[in-house]
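Top line first, the protein sequences correspond to chains A, B and C.
First residue of the first sequence? That's 7 in our numbering, and the numbers climb one at a time after it.
First residue of the second sequence? That's 27 in our numbering, and the numbers climb one at a time after it.
First residue of the third sequence? That's 3 in our numbering, and the numbers climb one at a time after it.
A couple of the hints might just be wrong.
Sample of chain A residues at the chain B side, in silico, Cβ under 8 Å [said to hold, decoys possible]: (1) M7; (2) V11; (3) L13; (4) K40; (5) A41; (6) W84; (7) D88.
Anything over 10 Å on all C-beta distances counts as not near chain C; from chain B, calculated [stated by the list, open to error]: (8) G57; (9) T61; (10) Q62; (11) A91; (12) P96; (13) A112; (14) R117.
Treat the hints as calculated values from the structure; they're not laboratory data.
All of these numbers come straight from a predicted model, not from anything done at the bench.
Glycine included, every Cβ here is placed at the ideal spot set by N, Cα and C.
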Amino acid sequence: MEINVELLLGTNVRDVDGDDIGRIEELRVERDEKALLVDAYLIGASALIERLSAWTLVRPVTRFLNSRKLYSVYRVPWQDMDLTDPLHPRLRISKRDLRHVP
Amino acid sequence: MDLVRDVLDRKIVDRENCDMGRVDGLVMHLGAHTTQPRITHIRIGGTTPWMRLHPALARLAGRLARMWGPRRAEPVTIPWSRVVTAGRDIRLDVKARDTGAIDWEIWIARHIVERIPGGGQKEAEQ
Amino acid sequence: MKKILQITLGIVTSVGGFLEIGSVLTAAQAGAAFGYQLLWAILIGTLCLIFLVEMSGRLAAVSKHTIVDAMRERFGFPFFFIVLVGMVLVAFLVLIAEIGGIGLSLQLLTGIGFPWWAIPVSLLVWFLMWKGTFGFIENGASLLGLITISFVVGAIKLHPDWSSAATGLLPTMPHDQKARYGFIAVSILGASISPYLMYFYSSGAIEDEWDESYIGVNRAIAVLGMSFGGLLSMAVLIAAALALHPHGIQVDKFEQAALPMTSAFPKWGLGLFAVSMLVACFGAAVEISLAIAYFFAQGFGWNWSQNLEPSKNARFSLVYTIIILSSAVPLVFGVDPVKVTMISMALTAATLPIAIVPFLFLMNDPIYMGKHRNGWVSNSVVAIIILISFLLAVISIPLEIIGG
Chain A
7 MEINVELLLG
17 TNVRDVDGDD
27 IGRIEELRVE
37 RDEKALLVDA
47 YLIGASALIE
57 RLSAWTLVRP
67 VTRFLNSRKL
77 YSVYRVPWQD
87 MDLTDPLHPR
97 LRISKRDLRH
107 VP
Chain B
27 MDLVRDVLDR
37 KIVDRENCDM
47 GRVDGLVMHL
57 GAHTTQPRIT
67 HIRIGGTTPW
77 MRLHPALARL
87 AGRLARMWGP
97 RRAEPVTIPW
107 SRVVTAGRDI
117 RLDVKARDTG
127 AIDWEIWIAR
137 HIVERIPGGG
147 QKEAEQ
Chain C
3 MKKILQITLG
13 IVTSVGGFLE
23 IGSVLTAAQA
33 GAAFGYQLLW
43 AILIGTLCLI
53 FLVEMSGRLA
63 AVSKHTIVDA
73 MRERFGFPFF
83 FIVLVGMVLV
93 AFLVLIAEIG
103 GIGLSLQLLT
113 GIGFPWWAIP
123 VSLLVWFLMW
133 KGTFGFIENG
143 ASLLGLITIS
153 FVVGAIKLHP
163 DWSSAATGLL
173 PTMPHDQKAR
183 YGFIAVSILG
193 ASISPYLMYF
203 YSSGAIEDEW
213 DESYIGVNRA
223 IAVLGMSFGG
233 LLSMAVLIAA
243 ALALHPHGIQ
253 VDKFEQAALP
263 MTSAFPKWGL
273 GLFAVSMLVA
283 CFGAAVEISL
293 AIAYFFAQGF
303 GWNWSQNLEP
313 SKNARFSLVY
323 TIIILSSAVP
333 LVFGVDPVKV
343 TMISMALTAA
353 TLPIAIVPFL
363 FLMNDPIYMG
373 KHRNGWVSNS
383 VVAIIILISF
393 LLAVISIPLE
403 IIGG
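The shape of chain A in the complex, shown without the other chains:
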């Protein structure tokens, strides 16, 4: 099955229980000889900040506001993502089993 990665960006992801996780903002990949291998999906508002290389701007603001909310990035290993319906990606695990990216 072929998926257009650029159309996957920004789609909302739910976990196996149907809970909202966030939006796919980035894909971590490793280079192979003939292709790029998808290692993980980064989901959440902070993943967008990471993609925009905007931490130098955002960090002082969040520190000032003492806000932890922006630091929600989930790193979903490729094995835990179900993309059989690319418009409605789902996790194969529950939210509580997800890893936060530091």
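Based on these hints, arrange chains B and C on the given structure of chain A.
For chains B and C alone, kept in the frame of chain A given last:
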């Protein structure tokens, strides 16, 4: 490597440093759920960037593209294996002319620009 | 030695290329209607422009990316396209105003109405871009543009009270016509802080193959060049304040903007004004056309360079050809360039946020900028510019309707 930050929307150049457009899309090949997904192809032009805005715009772009010029709406699809480096630009081990990525550039040069005095040398004379 | 020459040339280019129909008309209207009271708007506009131009050049020199390149890469195609539509529409209106300005200048010199000049002028602008290189066009137009220094000479000849003029550098509110005052202030800021200048400047830095060693050159050009340019605008305002304000003459027509120069130079004033405007608008028309073509080419990843012959960057050349020739069409049908100028200045102000907000992110991107990222001073200034630009975006259209 981060795919969106480091690959998507990057400029593409061929082996002679000719601009080929941008990475407008990437094709992911998804096997069984035990198989690691692979990004196998780059997509350039066609309706690909317009689909990112809205499918209706992509349909309109496709219809317009088929009406004139090279009369093609399909994107140029290049295997990732042709990528030499992915740094400031994505450098491919291809000749732009052979891929179809600059068909519009060549058509406009040949049918419009070179017909205007001072537009430049005819393709055949180069 | 080479760097000193480049700084000198860069300053000359900035000065010679600073004035255009928007900055002259808004400054003349300001001086005629409110005396020295709006000098602060030119000061703030020039300060903002200095910072934005310096950052545009630094981004290009360090990252080897133009603003549009970097914006497409960082923010993606959908965002880029929205900015493209907004920026190009407004820049196109400004281009119509500049081509119209050339036509109005020729009308002053020859008596032949500006609609008749629209097509020949746009063809001439197009022809120079078709055949000329980046250096020839930029330097040529700007060296000729030094004639606009006659506005400074004119202002001095009218013997301003400099201490009174200096009070205009601090913002004050007028007793009446508050809406009009606000509208002209917004228009001055729109005329000063033109996004197309940033896109053109960063593209020029790439055309001239700047690298990190040009950071100092860039800073000198931005500070000195834009400062001198700002002084030119102030001179226009001061001259109008002296020649028109005491007599209650408003500047609603192009030829009224010439009155301060005819007061200063009774014999040659009209000719000097017309030639100055002709050259200034010509330079601006070329810059805007290139800026629009750069936007398309860089965003879509086409070949682009003013130094290549047109067939080597066919799509880029086709874009500026279509843009320039289309800009003549409304003028042929008699659309008033002065009205287009005022509308386009207000719209420029209204669309500033979409140009400047992404720029803030790019200037702090460690991958593009490395150790040359913005410091807290530059970031604070950009943050203030963004606040000003959001305020302008909200108030400019209502003010245009009430006070314009």
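Each hint tested on the structure:
1. M7: holds (5 Å)
2. V11: holds (4 Å)
3. L13: holds (6 Å)
4. K40: OK, holds: K40/A within 8 Å of chain B, min 4 Å.
5. A41: Given a least distance of 4 Å, the restraint on A41/A holds.
6. W84: holds (6 Å)
7. D88: Result: holds, 7 Å to nearest chain B Cβ.
8. G57: holds (27 Å)
9. T61: For T61/B, whose nearest Cβ neighbour in chain C is about 28 Å away, the distance exceeds 10 Å, so it holds.
10. Q62: Answer for Q62/B: holds, closest chain C Cβ roughly 25 Å.
11. A91: holds (14 Å)
12. P96: holds (12 Å)
13. A112: holds (12 Å)
14. R117: It holds; R117/B is separated from chain C by about 13 Å at its closest Cβ, greater than 10 Å.
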